[in-house]
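One-letter residues, chain by chain:
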Amino acid sequence: MTIADPIAELPQIDEEEALRARRRRNEKVGRWVLPILVIALSIWLWDRIVVWNELPHYILPGPGRVLQALVEDWAILFDSLLVTLQITLGALAIAVVGGVGLAVLFTQSRWIEMSFFPYAVILQVTPVVSIAPLIFIYVDSRLAGLLICAWIVAFFPILSNTTMGLNSADHNLRDLFKVYGASRWQRLRFLQLPSALPYFLGGLRIAGGLSLIGAVVAEYVAGTGGIGSGLAFRILEAGYRLNIPRMFAALFLIAITGVFIYATLSFISHMALRKWHESAIKREV
Amino acid sequence: MTATTKTAPDSSGVVPFAARAPILSLKNIDKVFGRDVVALKGMSLDIRNGDFISLLGPSGCGKSTALRLIADLIHPTSGSIRWQVDKTPGALSVVFQEPSLMPWATVADNVWLPFRLQGKSRASVAGDIAEALELVGLENFHDAYPRELSGGMKMRVSIARALVTHPRIILMDEPFAALDEITRFKLNNDLLELKSKIGCTVVFVTHSVFESVFLSDRIVVMAARPGRVIHELHVNEPYPRSEEFRTSSEYVAHCRATSDALRDAMEEHI
Numbered sequence: 001m002t003i004a005d006p007i008a009e010l011p012q013i014d015e016e017e018a019l020r021a022r023r024r025r026n027e028k029v030g031r032w033v034l035p036i037l038v039i040a041l042s043i044w045l046w047d048r049i050v051v052w053n054e055l056p057h058y059i060l061p062g063p064g065r066v067l068q069a070l071v072e073d074w075a076i077l078f079d080s081l082l083v084t085l086q087i088t089l090g091a092l093a094i095a096v097v098g099g100v101g102l103a104v105l106f107t108q109s110r111w112i113e114m115s116f117f118p119y120a121v122i123l124q125v126t127p128v129v130s131i132a133p134l135i136f137i138y139v140d141s142r143l144a145g146l147l148i149c150a151w152i153v154a155f156f157p158i159l160s161n162t163t164m165g166l167n168s169a170d171h172n173l174r175d176l177f178k179v180y181g182a183s184r185w186q187r188l189r190f191l192q193l194p195s196a197l198p199y200f201l202g203g204l205r206i207a208g209g210l211s212l213i214g215a216v217v218a219e220y221v222a223g224t225g226g227i228g229s230g231l232a233f234r235i236l237e238a239g240y241r242l243n244i245p246r247m248f249a250a251l252f253l254i255a256i257t258g259v260f261i262y263a264t265l266s267f268i269s270h271m272a273l274r275k276w277h278e279s280a281i282k283r284e285v
Numbered sequence: 001m002t003a004t005t006k007t008a009p010d011s012s013g014v015v016p017f018a019a020r021a022p023i024l025s026l027k028n029i030d031k032v033f034g035r036d037v038v039a040l041k042g043m044s045l046d047i048r049n050g051d052f053i054s055l056l057g058p059s060g061c062g063k064s065t066a067l068r069l070i071a072d073l074i075h076p077t078s079g080s081i082r083w084q085v086d087k088t089p090g091a092l093s094v095v096f097q098e099p100s101l102m103p104w105a106t107v108a109d110n111v112w113l114p115f116r117l118q119g120k121s122r123a124s125v126a127g128d129i130a131e132a133l134e135l136v137g138l139e140n141f142h143d144a145y146p147r148e149l150s151g152g153m154k155m156r157v158s159i160a161r162a163l164v165t166h167p168r169i170i171l172m173d174e175p176f177a178a179l180d181e182i183t184r185f186k187l188n189n190d191l192l193e194l195k196s197k198i199g200c201t202v203v204f205v206t207h208s209v210f211e212s213v214f215l216s217d218r219i220v221v222m223a224a225r226p227g228r229v230i231h232e233l234h235v236n237e238p239y240p241r242s243e244e245f246r247t248s249s250e251y252v253a254h255c256r257a258t259s260d261a262l263r264d265a266m267e268e269h270i
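Residue numbers (the UniProt record's numbering), protein chains in the order written: chain A, 1 to 285; chain B, 1 to 270.
Isolated chain A, as found in the complex (with noise of 0.2 angstroms):
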């Protein structure tokens, strides 16, 4: 290394301290190159397994083969790719209002939480596989269907989370509230919302990922679509002219917006919360 290590030049810094020091630094480095290590190995692995085996492509395709339909499909994948992103997005965008609103509406009202909750949770265990077709069958456009079938699948984390955030402000904030005579609207506005961020926030993140979940689920079940057809459609497309490579590339590529998407999430969630909430806060010691 060329770079002074800035440990040696501090001699009062006692054993313990220098140990933590070195422990911190080895964490992060460890924490990006071990996982990169990881999936370099697999890959290789993966690409010894069908090499030493002679596994033929329609069987199981080697990471180069992957690759290269990735990049010879790419005009075909990426066009489908951004129609599972579209309907992602939008069942997460309609999963946000839906459940924030639901949520608010709960909290306003027992009586409104009292009717409706139990459907809600009725919807939410209902596997998304077997309410889908019926979608497809009274919905006239694809589009809306899939929209329909994400949301369901997604709405459901956000609407408790909110719910039980908007719940969980602090009592004496409340009665203080009381105290200064705040209305219904300002007691949402300063107290209960701000209370339910980080709840909102946790439910976010569960609901990304299981909306890119619905909106692929969804599209199975749809099936066959012709023009403006989402990665799943690709998959199953590739599957029956056993085009293996390109199943795992729209594989591939149906992670990594997964990854992305978390990743969005709880980069927002840091954003929104590094002030003042104990989730985002490094500990000093």
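Source of the hints: derived by calculation from the structure; they are not laboratory data.
Warning: the hint list may mix true and false statements.
Taking lysine-lysine and the DSS-like style, the derived pairs with C-alpha atoms no more than 25 angstroms apart in a straight line are [to be verified]:
1) B:Lys27 / A:Lys178
2) B:Lys154 / A:Lys178
3) A:Lys178 / B:Lys197
4) B:Lys197 / B:Lys154
5) B:Lys154 / B:Lys120
6) B:Lys27 / B:Lys41
7) B:Lys154 / B:Lys186
8) B:Lys87 / B:Lys120
9) B:Lys197 / B:Lys186
10) B:Lys197 / B:Lys87
11) B:Lys27 / B:Lys87
12) A:Lys178 / B:Lys87
13) A:Lys275 / B:Lys197
14) A:Lys275 / A:Lys28
Fit chain B to the known structure of chain A by using the hints.
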């Protein structure tokens, strides 16, 4: 009622209680929770301008219930609570046992809250906010977040929030009970300094004989099951009270008298 007025060892130089203008009167208050949990029975209390009243008693004597009644958070089963002055918004404020700050808001925004709920912009009350924070010694912490402050400092913010509207009455529900003793003593001193500076009226709930004697000029001793007032003691010692008061013979005498009254309260229901 059986409530008696003991007058503990006397001293001079205090505004006589009778000369103080009443702000709020509780008359013969009963509060029953559910069917048969009598939290308060026949409580009467006049809160007068400049009083520092401590409600002292064992757990379950209804001190906190009394405070919540005064704050209009709950309503009496029978009896009346009457304001003798105009009850404007912000005429009454509360400090709880926990600082109860909004963690997402800065110190200044927390202190702004009572005004914000009245629809006043932060700019229009910036002076009041700065003044309140200066009174509690936090003038350099406007933009800090509550998590960056120590327990004692959070409590100061909570007090600043209570002071900011210049309330007629400040209710304090064991505000220092969760703090360490050194911080508690410091805040006791600071609270008295505040009192002599702005002459506020305080109703203070506490478990501690020593705290009640040091802080207040009226100590209302309450008994449990049912919650009721059994003694009122006066601590006729002038404000400002300094740290020396804690070790004076008068202080000790007041503590003894208060302890005796509290013992009465404890034996009352057996």
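Here is how each hint holds up against the structure:
no.: 1; hint: B:Lys27 / A:Lys178; verdict: holds, 23 angstroms
no.: 2; hint: B:Lys154 / A:Lys178; verdict: holds, 21 angstroms
no.: 3; hint: A:Lys178 / B:Lys197; verdict: violated, 28 angstroms
no.: 4; hint: B:Lys197 / B:Lys154; verdict: holds, 21 angstroms
no.: 5; hint: B:Lys154 / B:Lys120; verdict: holds, 24 angstroms
no.: 6; hint: B:Lys27 / B:Lys41; verdict: holds, 11 angstroms
no.: 7; hint: B:Lys154 / B:Lys186; verdict: holds, 14 angstroms
no.: 8; hint: B:Lys87 / B:Lys120; verdict: holds, 18 angstroms
no.: 9; hint: B:Lys197 / B:Lys186; verdict: holds, 16 angstroms
no.: 10; hint: B:Lys197 / B:Lys87; verdict: holds, 23 angstroms
no.: 11; hint: B:Lys27 / B:Lys87; verdict: holds, 18 angstroms
no.: 12; hint: A:Lys178 / B:Lys87; verdict: holds, 15 angstroms
no.: 13; hint: A:Lys275 / B:Lys197; verdict: violated, 35 angstroms
no.: 14; hint: A:Lys275 / A:Lys28; verdict: holds, 22 angstroms
Comparing the model with each numbered hint stated earlier shows that hints 3 and 13 do not hold.
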